[in-house]
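Undergrad: Chain residues, written in single-letter form:
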Amino acid sequence: MRHHSKLIFTLLALVLAVAPLVAYPIFVTKLLCFALFASAFNLLFGQAGLLSFGHALFFGGAAYVTGYALKAWGWNTEWAVLLGMAFATTAGLIVGLVSIRRQGIYFAMITLALAQMFYFFCVNAPFTGGDDGISAIPRRPIFGVIDISDDRTLYYVVAVTFFLSFALIYRIIHSPYGQVLRAIRDNEQRAISLGYPVDQYKLIAFVISAAFAGLAGALKVLVFRLATLVDVGWGNSGEVILMTLVGGIGTVFGPLVGAGFILTMQSYLQGYAQWVPVMQGFVFVVMVVMLPKGVVGEFMVRIFKVQPAAVK
Amino acid sequence: MTATCAAIEIKGLQGYYGPSHVLHGIDLRVPAGQVVTLLGRNGAGKTTTLRAIMGLLRQRVGSIRINGKETIGLPPERISPIGIAYCPEERGIFPSLNVRENLMLPPVLMPGGFSTDEVIAMFPRLAERFNSPGTKLSGGEQQMLAIARILRNGCKILLLDEPTEGLAPVIVQQIGDVIQELKRRGYTVLLVEQRLDFAMSVADLHYVVEHGCVVAQFSNDELLAEPGRLQKYLGV
Amino acid sequence: MTDIFGIPLPALMGQLTLGLINGAFYAVLSLGLTVIFGMLRVINFTHGAQFTLGAFGAWMLLNYFKIPYWVSLVIMPLVMAVLGALVERLLLKRLYEMNHLFQLLLTFGLAQMIEGTLAVVYGSSGKPYDNPMPGGVDLGFMFLPYYRGWVVVASLSACLVTWWAIERTRLGAYLRASTDNPELVRTFGIPVPHLMTMTYAFGVALAALAGVLAGPIDQVKPSMGSGLIITVFAVVVIGGVGSIMGSIVTGFALGLLESLTKVYYPPASSVVIFLVMAIVILAKPTGLFGRQP
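Residue numbers (the numbering used here), protein chains in the order written: chain A, 1 to 312; chain B, 313 to 548; chain C, 549 to 841.
Just so you know, these hints were derived from the structure itself, not from any lab.
Hints are supplied without guarantee of correctness; some may be wrong.
Restraint ranges, calculated between C-beta atoms of paired labels, are given here [to be verified]: (1) B:T447 - C:W712: 19 to 29 angstroms; (2) B:M422 - A:V286: 39 to 49 angstroms; (3) C:T550 - B:T447: 45 to 55 angstroms; (4) C:R637 - A:A86: 22 to 32 angstroms; (5) A:R171 - B:L508: 55 to 65 angstroms; (6) C:Y813 - A:I26: 55 to 65 angstroms; (7) A:F304 - B:E382: 55 to 65 angstroms; (8) C:V619 - A:K305: 53 to 63 angstroms; (9) A:F304 - B:G330: 42 to 52 angstroms; (10) C:W712 - B:E382: 38 to 48 angstroms; (11) C:A713 - B:Q492: 57 to 67 angstroms.
To spell it out: a stretch of chain A is covered by chain C in this simulated footprint if at least three of its residues, at any positions, have a beta carbon under 8 angstroms from a beta carbon of chain C; those stretches are [as the list claims (entries may be wrong)]: (12) 13 to 26; (13) 90 to 104; (14) 109 to 118; (15) 263 to 277.
C-beta: ideal position from N, C-alpha, C; glycine also.
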């Protein structure tokens, strides 16, 4: 995988450069936001083996914070996004400290419960705008000069941010830290006996994952100029899990593919909005039973005979 | 020995734990009514062989006949009623149950086993501790319980994995007595043992297992005459 | 009229009754989840949807076939038990070799499918289900509707019957032993895979029973299970896995706590259970009644 990485990233850069010419800019920008969200989630689940059912907390929470900073406080875009990311990072630390005490199934349940708690908080808090959310969020020029009111320009800004974040996540996965994380995922007892401070490693992964999820949420606010309760709901948490599952847990490009698949499916079902949950549930079931390695995962096994660094 | 007297007959048993090939062709025969031991170094595959016989090793190939019936493809719950019971190395006392429940848990599968009174007579210490949680017993008491509970079900072939491990000499003696009594009643016992003196005091036949296959076989008389023969297999 | 810390007694008792009812549902549902988790090591996310199906089933039986509540109370758990057994046999069993998180994802997907389909067919607004026991009794310090009293009695009975079955019967002993060491139990000749199917079916039946009980209280709507199930997850984490009685007590206690919070400090009422969960995790990770792993 290493030797091909320059090639892969060049290809990715090319695809990103051409994308808005072949598809609606808003759609691909949205796709990149969710691809980043899913990549962040995948870092935690695929590499560390921790299934968080409450990642919407970071995504949606950052969305609210960024949106509010932009609209109510008149902050510049770059600072508002950073603030959103800072919120997600801090929240990640707090949630992580509580959840990491338990493993596996319990960890998942705890993250879900904490995210639900945050959801209720958002329902009642005055600055979230309740059911209406925060709308008409302004798109201010970045660094004062880059005018992102044009969808295409915004796309390129998001694409660059995505590319850099993705590259960073890739570096983390392929670093010594990433190796230890996978060792912990595969056999935690062994890692402990080898002297690794396992909880610290897990917590760091959790915080990084939360940070990038928050970045994704903040970017999404720029795209749609809207932050709502849906962003912090457990449906959103479920959706990012689905994207990762479809794409391939533990694969690098799985989240990208998965996000593309799910968002495309949703846009095709535009007229039948109520069928979306049914379809997604169905895809969940089919994927788990028949293609647990995901599209990219199965591809890598069948075509390249490579076992992805996946959850068993 | 006629072929029909075998309680357990294994031919060409290959076993796998996932990608790991752990049994490389086990061949052995346990004659009915006898006590047979599996000897060998740690990791040789003795426990794995017992587990394979019991159906606990999912991937196995070859032939395992118990009381004449082929069991290679059967799950444990279908192997047990043929007349074979298992006492694992870790004893497997259930923490969620008390001593009485542990003892009474295995259902009676066929007639001819010990009655509850007979079991208590053989292991009086257990009756005193009936209401304690299963795990509050000492090592020796747990071993007693683990053996006691499979005596009620009527199965006449017993697989015992290191029954004397970590136990005081007094208890080891008691277990030796139990095995002698079982033999007197016509039970067949296949046991994995590390204590050579104990093995030689109860068994009729010994198989030596190394790297997942049987490398030697000695009758007890042969071994008593020349104990040194084992050195080359078990030597440190 | 007496005031307790500033709240008039009838109002307080009214809230506590509601709390007791919510607690009853928490107890029955967390019991179902705990039983399934103990045997199968699966967190049955579908539990909420199976609860909803119980309620919808009773509504459908009444509206399409004129089958009354008391019959539904028996039929729906049985029907759902059969469906549950099918789910376990055909879907869950195939995943036992895999990481248990995948089973969680499967049950999550199933929950979405069920709720989504109900929403498509019936819309997201609620359908009323007539109270089969109208009226109530005036106890002086409060008015107790008959139906609510029945819900508490029925739930408590279901919980106690389950407790008795697991702790005092031979079958229950098999279940408890299988929770500890399923392999060994199989070597005793006990068909553990069948037990697992039965256990799942039983847990689902409990959820369906709760659903039928819930119908007349509030309305029957597709989303009635999903919000509830997340709270029940928190209840399970608080109570810990390992004690049947623990789950029951925790469920009722948390229902009461929630209603007390609603009376004395309303803004915290929807999150108090989660707060308790966070505290319990930090102080005693295995839960109040959980055994050391």
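Undergrad: Look at each hint and say if it fits the structure.
TA: A quick look at each hint next to the structure:
1. B:T447 - C:W712: 19 to 29 angstroms: Given a distance of about 24 angstroms, which is inside 19 to 29 angstroms, the answer is holds.
2. B:M422 - A:V286: 39 to 49 angstroms: With a Cβ separation near 46 angstroms, B:M422 and A:V286 satisfy 39 to 49 angstroms, so the hint holds.
3. C:T550 - B:T447: 45 to 55 angstroms: Holds, since C:T550 and B:T447 (Cβ atoms, about 51 angstroms apart) stay within the stated range.
4. C:R637 - A:A86: 22 to 32 angstroms: 49 angstroms, violated
5. A:R171 - B:L508: 55 to 65 angstroms: At roughly 57 angstroms between Cβ atoms, B:L508 and A:R171 fall inside 55 to 65 angstroms, so the hint holds.
6. C:Y813 - A:I26: 55 to 65 angstroms: 44 angstroms, violated
7. A:F304 - B:E382: 55 to 65 angstroms: For B:E382 against A:F304, whose Cβ atoms are near 41 angstroms apart, the range 55 to 65 angstroms is violated.
8. C:V619 - A:K305: 53 to 63 angstroms: 58 angstroms, holds
9. A:F304 - B:G330: 42 to 52 angstroms: Violated - the Cβ-Cβ distance for A:F304 and B:G330, about 22 angstroms, lies outside 42 to 52 angstroms.
10. C:W712 - B:E382: 38 to 48 angstroms: The hinted range 38 to 48 angstroms holds for C:W712 and B:E382, with Cβ atoms some 42 angstroms apart.
11. C:A713 - B:Q492: 57 to 67 angstroms: 42 angstroms, violated
12. 13 to 26: violated (count 0)
13. 90 to 104: holds (count 5)
14. 109 to 118: Coverage by chain C holds for the segment 109 to 118 of chain A (7 residues, Cβ < 8 angstroms).
15. 263 to 277: holds (count 4)
Hint compliance for this structure: hints 4, 6, 7, 9, 11, 12 are broken, all remaining hints hold.
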